[in-house]
Amino acid sequence: MILTLAIKNLFHDRIRLAVTLVGILFSVVLVSVQLGLYYGARKMIVAMVDNANADLWVTAYGAKSFEEGGVLLNQKDRHAALSVPGVASAVPLYVHFSEWRKPGGGSTSTIIVGFNPEDDGLRPWGLIAGDESSIAEPGGVAVDRTYLNDLGIIGIGDTAQIDFGRVRVTAITEGIRSFTMSPFVFTTLNRARALQNQPSDAFSYLLVKLAPGTDMARARTVLAERLGNREVLTKSEFRDRSLQQWLFSTGAGVALIGGALLGLLVGTVIVAQTLYSSTKDHLTEFATLRALGSSAGYIHRVILTQAAFSAIIGYCLGMAIALAITTLSEATALPLLMTPWLAAGLFAITIGMCAVSAISAILKVTKIDPAMVFSR
Amino acid sequence: MKSEPVLEATDIVKELGQGAGKVRALKGVSLSLMPGELTLLMGPSGSGKTTLLSILGCILAPSAGSVTLAGQRVDGLDPEALAGVRRRNIGFIFQSYNLFPTLTALENVRLALDVRGMSAAETVIRAETALREVGLGHRLQSYPRNMSGGEQQRVAVARALAGDPAVILADEPTAALDSENGHQVMALLARIAKEKGRAVLAVTHDPRTHSYADRIVRIEDGLISGEERRVETGENITRYDLTRKRKANG
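Chains A and B are the protein sequences, given in the same order. When the letters of the first sequence are read in order and numbered with our numbering, they come out as residues 173 to 548. When the letters of the second sequence are read in order and numbered with our numbering, they come out as residues 19 to 268.
Incorrect hints may have been included.
[Stated by the list, open to error] Simulated crosslink set (BS3-like; lysine-lysine; CA at most 27 angstroms straight-line):
| # | chain 1 | residue 1 | chain 2 | residue 2 |
| --- | --- | --- | --- | --- |
| 1 | A | Lys539 | B | Lys214 |
| 2 | B | Lys45 | A | Lys536 |
| 3 | A | Lys539 | A | Lys452 |
| 4 | A | Lys248 | A | Lys407 |
Hints were generated in silico from the structure; no laboratory data involved.
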């Protein structure tokens, strides 16, 4: 009967129900978009680190993120790394901001990623045109489909200028996005150096792979000792550092989380207001229930069921819109991420939000005097 | 054979308000309700009828005095414990029916049973039985807005009856009804008292209700001012004899 009463109370005033549902829907969409952006941003930020085949990353001291490692390492560092017992490979990787001059005029900032196609370090993934060997062709680069327009090109075969040399698009990827909004441009290690007039043995990172059974902590300590003024980071540490830099030092993540919290706040206030007014309208009925001997808990359950029912409908409507937005965002440079876990988390948040919203209504009925039923 | 009272209030004092605004609504009232009896509590406005009804119904706690319901002292219990006592022992009928407008007649009665923790199946059986007993077997799925005042009050009677309480307390049960419906409801309450052995107390101003009462208790200025008991004289003539006249001094 609790469910029947709760649902009938809700549907009794359809305008108020509509306001409640719009409030929840708005909140769910806003929180979904903000959290979707947040997790989408996280995924973009750590994508390179996650896709690299490395147990440990050797970086210049103080490298803040994948994109900001500088070009400060050289072959001496690589040899030192390879001399450490347990190190199976130490693959150099070149990462640096560069200027892409569009064939039709104008320029944009890009991040050049230089790798050795024959090394098993970091390779472009999600290739939809061309392959790794085509990147090794003269002037060959790979760019992501999402950024073709930003780069002023149409597709395979188009040419552009990067810093000091010409490049030709020989491969296209799908799904390699950049949080910095500067597209990644994959090319060979040597070409990357040449395009930026860097020394022929310079690079940004060493991707260290350990031999099976090697004690990672010990290998890391020895690496740090032998490499001197370099940092040796685990994959997890480098991910965290990149996230810290882009999401929190820049304030972007805080803004996204703040937006999500704002959505929650707005939703909570709207639902609390409508639940409170609904409870106030049904106060005589709740007093009657109390007079009939219902426990306070029974009445609280009616209100919480109303809140939960509103939450479920509002969540379903809001999530349908959020999924549509997520789908539409897939082709953009800033895709939203919606995973089953995030959807489940949002459902729990929505239920929690509505439960919190019910507090004012519960406080109202807690003070109810069943004697009021005799005064009418 | 004389049965024991199912509800007994002794020397009830109730003070309402605080400080200079404090009012003594009841000044030492004693009243017992016997199973199988329909008692009317009558008195002018402000005499303390509703306050006494609230105390007898375990909704208000007395300032002094004792209330014993089904052998259990209930004065001094906390609000949740009092709710439990009401749930187990008392059925209420209100002047404005106090039905839930969003629920059907059947659901209104079921709700009162659900509060008692009965299973869904049992609430349906009991609610249907109670509604049939009050002559509303054909109105199970009707909403209060589609029912007459008399029908709504009979739903309220069914709701009070369904939980099988020892005591039924009615607050002005005929005040909102026309003459015909008023008589029907009072006849129903009298039948419930007689046939089901319930103690029924109805607070009323309505002189049309007299003929249904086994006992009429009059209250004035917070005190029981008199009590009359029905005497059957045969030939369909009913007389009420004054059995008690009392004025206490606070």
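For each hint, the structure was consulted:
1. With a CA separation close to 36 angstroms, the supplied pair Lys539/A and Lys214/B exceeds the 27 angstroms bound.
2. Taking the CA atoms of Lys45/B and Lys536/A, the gap is about 32 angstroms. The hint is violated against a cut of 27 angstroms.
3. With a C-alpha separation of about 12 angstroms, the suggested pairing of Lys539/A with Lys452/A holds against the 27 angstroms cut-off.
4. Restraint check: the Cα-Cα separation between Lys248/A and Lys407/A comes to about 22 angstroms, which is no more than 27 angstroms; the hinted pair holds.
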